[in-house]
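Take the given structure of chain F and dock chain E to it, following the hints.
Listed below, chain by chain, are the residues.
Number of protein chains: 2
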Amino acid sequence: MDISDLASRVIKGERRALARAITLIESARDDHREQAVELLEAVKGAGRQALRIGLSGTPGVGKSTFIEAFGVMLTGQGKRVAVLAVDPSSTRSGGSILGDKTRMERLSRDPNAFIRPSPSQTALGGVARRTREAVMLCEAAGFDIVLIETVGVGQSETMVADMSDLFILLLAPAGGDELQGVKRGIMEIADMILINKADGDLLPAATRTCADYAGALRLLRKRAQDPDGFPKAMLVSALSGDGLETAWEEMQTLTQWRKENGHWDAMRARQARHWFEDEVRLGLLAQLNNGAVRARLEQLGQAVAKGEITASNAARELLQGL
Amino acid sequence: MDISDLASRVIKGERRALARAITLIESARDDHREQAVELLEAVKGAGRQALRIGLSGTPGVGKSTFIEAFGVMLTGQGKRVAVLAVDPSSTRSGGSILGDKTRMERLSRDPNAFIRPSPSQTALGGVARRTREAVMLCEAAGFDIVLIETVGVGQSETMVADMSDLFILLLAPAGGDELQGVKRGIMEIADMILINKADGDLLPAATRTCADYAGALRLLRKRAQDPDGFPKAMLVSALSGDGLETAWEEMQTLTQWRKENGHWDAMRARQARHWFEDEVRLGLLAQLNNGAVRARLEQLGQAVAKGEITASNAARELLQGL
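Protein chains in written order, with the numbering used here: chain F, 102 to 423; chain E, 102 to 423.
Everything labelled a hint here was simulated from the structure, so no lab data went into it. Any given hint could be a false lead.
In this list, chains with the same sequence are indistinguishable; a pair is considered to hold if it fits within one copy or across any two.
Stated by the list, open to error - Cut-off 30 Å, straight-line C-alpha distance, at most; resulting in silico cross-link-like pairs (BS3-like, lysine-lysine):
hint	residue 1	residue 2
1	Lys323	Lys113
2	Lys360	Lys407
3	Lys145	Lys180
4	Lys323	Lys360
5	Lys323	Lys145
6	Lys113	Lys180
This is chain F alone, in the form it adopts within the complex (with noise of 0.2 Å):
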């Protein structure tokens, strides 16, 4: 494969080469993954920077309707969308989320709109690397916004948040049932909450919702990257289009605030750090996936499990052999 050729035909913004790209990074071949650092050092040529937009929100939230709405509407204002999904459960659940495209059949036929379903994937680790490459990709293809869609399982929350310029909490009204209830670190992270489904006989329970989050956040948050008034509860209905507008021109306004106030790119600058420590980390756990080193694995995995030698001692034991 010619890197520098497929480099350059990303950053040209051909969907096909960003398919492929991201198709690449994916892999867990060796040589691919040599391939892939190399591509990525290309693309970081074009020094583009997408706004990244990480969004979580719980099934039923109307999560897809949500992003297809709001694509529709950034594509109509002539913005260039990606919308990367993260789901460590798809190997069990068989990849939901955004593997019906039909669920986005608008955007999805958009040419100024790009939707990568997630990967079969296993390890959150991988999934992480996955999706900050292909952010990389998308930016370096010239898309203004990438959209990151994750489901609240997990870590995959923080991760994603940790990848993002802001992070967007959706909800549905609530029916009062307390065990709906969002994670508390969740509040701690998300820079706006959207009520979706504010809309028919919704709209009572979506403005209480709303009232009670606004009030929560007004007690739970006072950070350096928030301007006054952020972060806020707003109200959107994915259906009738409501408060879509308003949602986005506060993002802007929350987005322009921080890059004048120095927020951006501190908060960037971490997120890379990060991203690299996280890397080494990936790549000194790597050490394990070899054949010899496997067996050896399961051979002490299985004394440990029967009590013959504490997972201290048959641990050293797999190291020194390394």
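Relative to the frame of chain F, chain E by itself:
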């Protein structure tokens, strides 16, 4: 240090030896680690098993009071009880949990109880290792029950569940505030939910909360390692002592059933294996704890933050230098 002497004193149940042994496994020094591995291998021969009970609850649910009352009840039945704390946030908070032993005044003076606060540590991996090893030492020292206490921070609950035979979630009566909702994931790992403060004015609220969680558990769960009727949500009062004995009887029933049906051994084997794999990962990552490597990490990290090199490329460069 004479490790075989220390091991035999731990096995004899000498509290001072146990405390010293735990200090040894908590040490980050390389020579201490060697000795710790040797010590663990030496005490393994005792072949003792305690009941390992993981206990989680956010601040305010009355965790210390519960442990005090529950522990004193157990020692009153002739059991020996060890209490270990896992607090991944202790570096920041200054070690809030178990830091103040006066909160467990009776238990801490009880000759059949051993209480060990959480050390100041940073990495969650380090906390997991320390706790698992401390559990092993307490078992070797002949304790019948090892209580592993944690706050509901980040991954600490999953980590504690992964080293427990039973994982108990302690809750306070709910005020109907949705934001206090329990993380969904924990419902999936809890073997029993105890609603504390089921006394006085709070009794009606506790009863309601208990019914809610009992219902949710029935809806959410059916695992092979649960006999009919489990997991249970139950009322307790650490203040009055009500419900403590019943809860303990249910724990024993569940434990007995799991032992008879092979789940106990299978779980322990799975946990030991998982521990081993964790130790291997920790060991690999320990390569980064070296002056020269740290300096290079810092240097490359800065270049990545400035955008001079991609994270992937910088990681490759660092790893090649190892």
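Going through the hints against the structure:
For the identical chains of this complex, Lys323 and Lys113 are neighbours neither inside a copy (41 Å) nor across copies (53 Å), given an alpha-carbon limit of 30 Å. For the identical chains of this complex, Lys360 and Lys407 are inter-copy neighbours only, at 16 Å across copies versus 57 Å inside a copy, given an alpha-carbon limit of 30 Å. For the identical chains of this complex, Lys145 and Lys180 are intra-copy neighbours only, at 21 Å inside a copy versus 64 Å across copies, given an alpha-carbon limit of 30 Å. With identical chains, the CA atoms of Lys323 and Lys360 are at most 30 Å apart within one copy only, with a shortest distance of 18 Å there and 50 Å across copies.
For the identical chains of this complex, Lys323 and Lys145 are neighbours neither inside a copy (34 Å) nor across copies (50 Å), given an alpha-carbon limit of 30 Å. For the identical chains of this complex, Lys113 and Lys180 are intra-copy neighbours only, at 16 Å inside a copy versus 73 Å across copies, given an alpha-carbon limit of 30 Å.
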